[in-house]
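Enquirer: Those protein sequences? They're chains A and B, same order as listed.
The C-terminal residue of the first sequence carries number 525 in my numbering, and the numbering is unbroken.
The C-terminal residue of the second sequence carries number 1117 in my numbering, and the numbering is unbroken.
The set of hints was computed from the structure by calculation and includes no laboratory data.
Just so you know, even glycine gets a beta-carbon here, dropped at the ideal spot from N, CA and C.
Watch out, some of these pointers could steer you wrong.
[Unchecked claim] Beyond 12 Å from chain B on every Cβ pair, some chain A residues (computed):
(1) 58
(2) 77
(3) 223
(4) 382
(5) 418
(6) 430
[Stated by the list, open to error] Only part of the chain A face toward chain B is listed, based on derived beta-carbon distances under 8 Å:
(7) 120
(8) 131
(9) 147
(10) 151
(11) 172
(12) 173
(13) 174
(14) 466
(15) 503
[What the hints assert, rightly or not] Pairwise CB distance ranges (calculated):
(16) A:352 with B:1012: 42 to 50 Å
(17) A:268 with B:1026: 45 to 53 Å
(18) B:1027 with A:469: 31 to 39 Å
(19) A:72 with B:1026: 38 to 46 Å
(20) A:476 with B:1076: 58 to 66 Å
Take a look at the letters that make up each chain.
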Amino acid sequence: MKVERKELIVIGAGPAGLSAAIEAASHGVKATVFDENARPGGQLFKQIHKFFGSKEHKAKIRGFRIGEDLLKEAEEKGVEVVLNATVIGLYKEKEVQVQIGTEVHHYKGDAILVATGAAENMVNFRGWTLPGVIGAGAAQTMMNLYHVKPGERILMLGTGNVGLVVSYQLMQAGCKVVALADAAPRIGGYGVHASKLARCGVPFYLSHTIKEAEGTDCVTGVTIAQVDDHFRFIPGTEKHFDVDTICVAVGLSPMAQLLKMDGVEMADTRGGYIPKCDETGATSIPGIYAAGDVAGIEEASSAMIEGRMSGAAIAEYLGYMTGEEKSSREEELDHSLEALRQGMFAPKNRGKKIEKTEEGIDISETLLTKGYIADDEIKRFPGYRCEAKVHPVIECTQNIPCNPCQTACRKGCISIGDNITSLPISVKGSECIDCGMCVASCSGQAIFLVKKNEDEGTSEITIPYEFLPLPEVGDKGSALSRSGQRICEAEITRVRTSKAYDGTNLVTMKVPTAFEDSARFFIKA
Amino acid sequence: MERIKNHPILGASPAGKLVDFYYDGKKLQGYEGEPIAMALRVNGIMIHRYTAKRHEPRGVFCAIGRCTDCVMVVDGQPNVRTCITPLREGMKVQTQYGATADPDFGAAKKGKGGASV
Chain A
1 MKVERKELIV IGAGPAGLSA AIEAASHGVK ATVFDENARP GGQLFKQIHK
51 FFGSKEHKAK IRGFRIGEDL LKEAEEKGVE VVLNATVIGL YKEKEVQVQI
101 GTEVHHYKGD AILVATGAAE NMVNFRGWTL PGVIGAGAAQ TMMNLYHVKP
151 GERILMLGTG NVGLVVSYQL MQAGCKVVAL ADAAPRIGGY GVHASKLARC
201 GVPFYLSHTI KEAEGTDCVT GVTIAQVDDH FRFIPGTEKH FDVDTICVAV
251 GLSPMAQLLK MDGVEMADTR GGYIPKCDET GATSIPGIYA AGDVAGIEEA
301 SSAMIEGRMS GAAIAEYLGY MTGEEKSSRE EELDHSLEAL RQGMFAPKNR
351 GKKIEKTEEG IDISETLLTK GYIADDEIKR FPGYRCEAKV HPVIECTQNI
401 PCNPCQTACR KGCISIGDNI TSLPISVKGS ECIDCGMCVA SCSGQAIFLV
451 KKNEDEGTSE ITIPYEFLPL PEVGDKGSAL SRSGQRICEA EITRVRTSKA
501 YDGTNLVTMK VPTAFEDSAR FFIKA
Chain B
1001 MERIKNHPIL GASPAGKLVD FYYDGKKLQG YEGEPIAMAL RVNGIMIHRY
1051 TAKRHEPRGV FCAIGRCTDC VMVVDGQPNV RTCITPLREG MKVQTQYGAT
1101 ADPDFGAAKK GKGGASV
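The shape of chain A in the complex, shown without the other chains (with noise of 0.2 Å):
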């Protein structure tokens, strides 16, 4: 049998993957990547949203965008990716079968890293094998991919930040999300993406899950039930929902079978069954490594960082760097990825219930369990402050790594520091010149531009805006407040679009200024 070899062999051309050929590739290594699909890319195609974290991160870039780029210095550096590849055995030899059409050709590999990323979790309810029960990940692919969409009328299972995330993209493909349910009793996900679905009245069920899907050739409604705190349903606490589409995002579990195959060793953890590796992503076997969601569930930012720093230890593997340099280079991408791995939801806090801010101030709890910040709590936290003058209201209350609002500002009105965790203040008697860049940079739509027009008793809120269509100057509609109710009259007075908000437009609104720290939404009509 021929036996092709390769200097450095890389299985999964998503984030972690290429980022990993490139990073090795541009220290002089020859990298193969295989991907078992048509397109590279992983699921960074799938992201139509901004990122999260600081520039280094390319946060406030959208995930397709950081795919394009990624596909274009894989393609500078000189990476081979070999697509409708699948990988179908991995030894200990450093030895790899890969399935190319209805043929098996085998290669071996002086070098070897797995990035074969994650697969989406299940759960069993009555009915869960209906068409129209799919995952969130498939709702994704259909309408960002495909251009089409999953369905009508659209229950959520789970709000962790793929659910959130998921239920607004949904939303924006033009779909109707009736709920959100989740059986845990906190939302899962940032609070921020929450405020995004809330504002708009999608209602959160948490302690509630499926009980049963309905319909028999496909799905037509579904029945949420509360749970107990041992998961048990309360009876007579039955909802029901006219839908044509269940969408399940429950989490992920990493796809590490080609690493339990070539023996390396693993680890059964709380985030699934993955190898053992050093921060290299270096397993028991010399020359094996895993970087991305098969050594451990996180995100695609992460995913990059972690490619990376394989990347460089394949290289020192391989004699194309000194130890000195790849130390060098693993510190400085280290202080990159722990940025990442700091505040409320980070890895170290999975599960714990965290109360207060790094600030000393308490959480929101309505947040936590209806998805928007009450009215009688906005009012602690930094990011708010009420002058007549126009200037930003920041709505973000969970300490999370980002900070692309500090930059965006050069007038100074907002404020993080150093710490990406640190909540942003909104800088008492900074001069805003409302160029509303904040607004459109804030991944996670929290920054709304308040200005009081006294004379008239009116006052008008700057909003974020990616829906269809657009409202246009002289709309008369209602706005909504952070739980989605209609709270008071409202005119479009202003929109703006502009390639540096890209795709974030800024819509201002008239109301009455009794309603200026609430009305945070419009609908027209």
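With chain A held as given, fit chain B onto it using these hints.
Expert: Relative to chain A, chain B alone:
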């Protein structure tokens, strides 16, 4: 389900080349190169197959070629993952019963108390 014509972030959807294909003998249209499963969905078809033992309907679940729930008989070949197989002009796509395109397959087995395939 409908196609998305205009999207607030992705803009106008790219215009594909419409081609004919056959679903259980019926002529339908879809965009060349899109996954078969997408073309079926926009034509309102949710059931891709029936299971062998219980004759239960199945459709798309993962849409990335992992779960195999969406397999159908395509151009005579069973177990084709329609979510990752590109649509071509004139393709013959059939509902799969157990592992065949024969509607009596699953039903007959069911009548006999069930057998596994």
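Enquirer: Determine for every hint whether it applies to the structure shown.
Expert: A quick look at each hint next to the structure:
1. 58: holds, 17 Å
2. 77: holds, 27 Å
3. 223: The claim stands: residue 223 of chain A keeps its Cβ more than 12 Å from every Cβ of chain B (closest is about 19 Å).
4. 382: Consistent with the label, residue 382 of chain A stays out of reach of chain B, its closest Cβ about 30 Å off (over 12 Å).
5. 418: holds, 32 Å
6. 430: At about 31 Å from chain B, residue 430 of chain A clears the 12 Å cut-off, so the statement holds.
7. 120: Cβ of residue 120 of chain A sits 7 Å from chain B, so the hint holds.
8. 131: holds, 3 Å
9. 147: holds, 4 Å
10. 151: Since chain B brings a Cβ to about 6 Å from residue 151 of chain A, closer than 8 Å, the hint holds.
11. 172: Since chain B brings a Cβ to about 5 Å from residue 172 of chain A, closer than 8 Å, the hint holds.
12. 173: Holds, about 5 Å.
13. 174: holds, 6 Å
14. 466: Holds. Min distance 5 Å.
15. 503: holds, 5 Å
16. A:352 with B:1012: 42 to 50 Å: Since residue 352 of chain A and residue 1012 of chain B have Cβ atoms about 45 Å apart, the given range 42 to 50 Å holds.
17. A:268 with B:1026: 45 to 53 Å: holds, 49 Å
18. B:1027 with A:469: 31 to 39 Å: holds, 35 Å
19. A:72 with B:1026: 38 to 46 Å: holds, 43 Å
20. A:476 with B:1076: 58 to 66 Å: With Cβ atoms ~60 Å apart, the hint holds.
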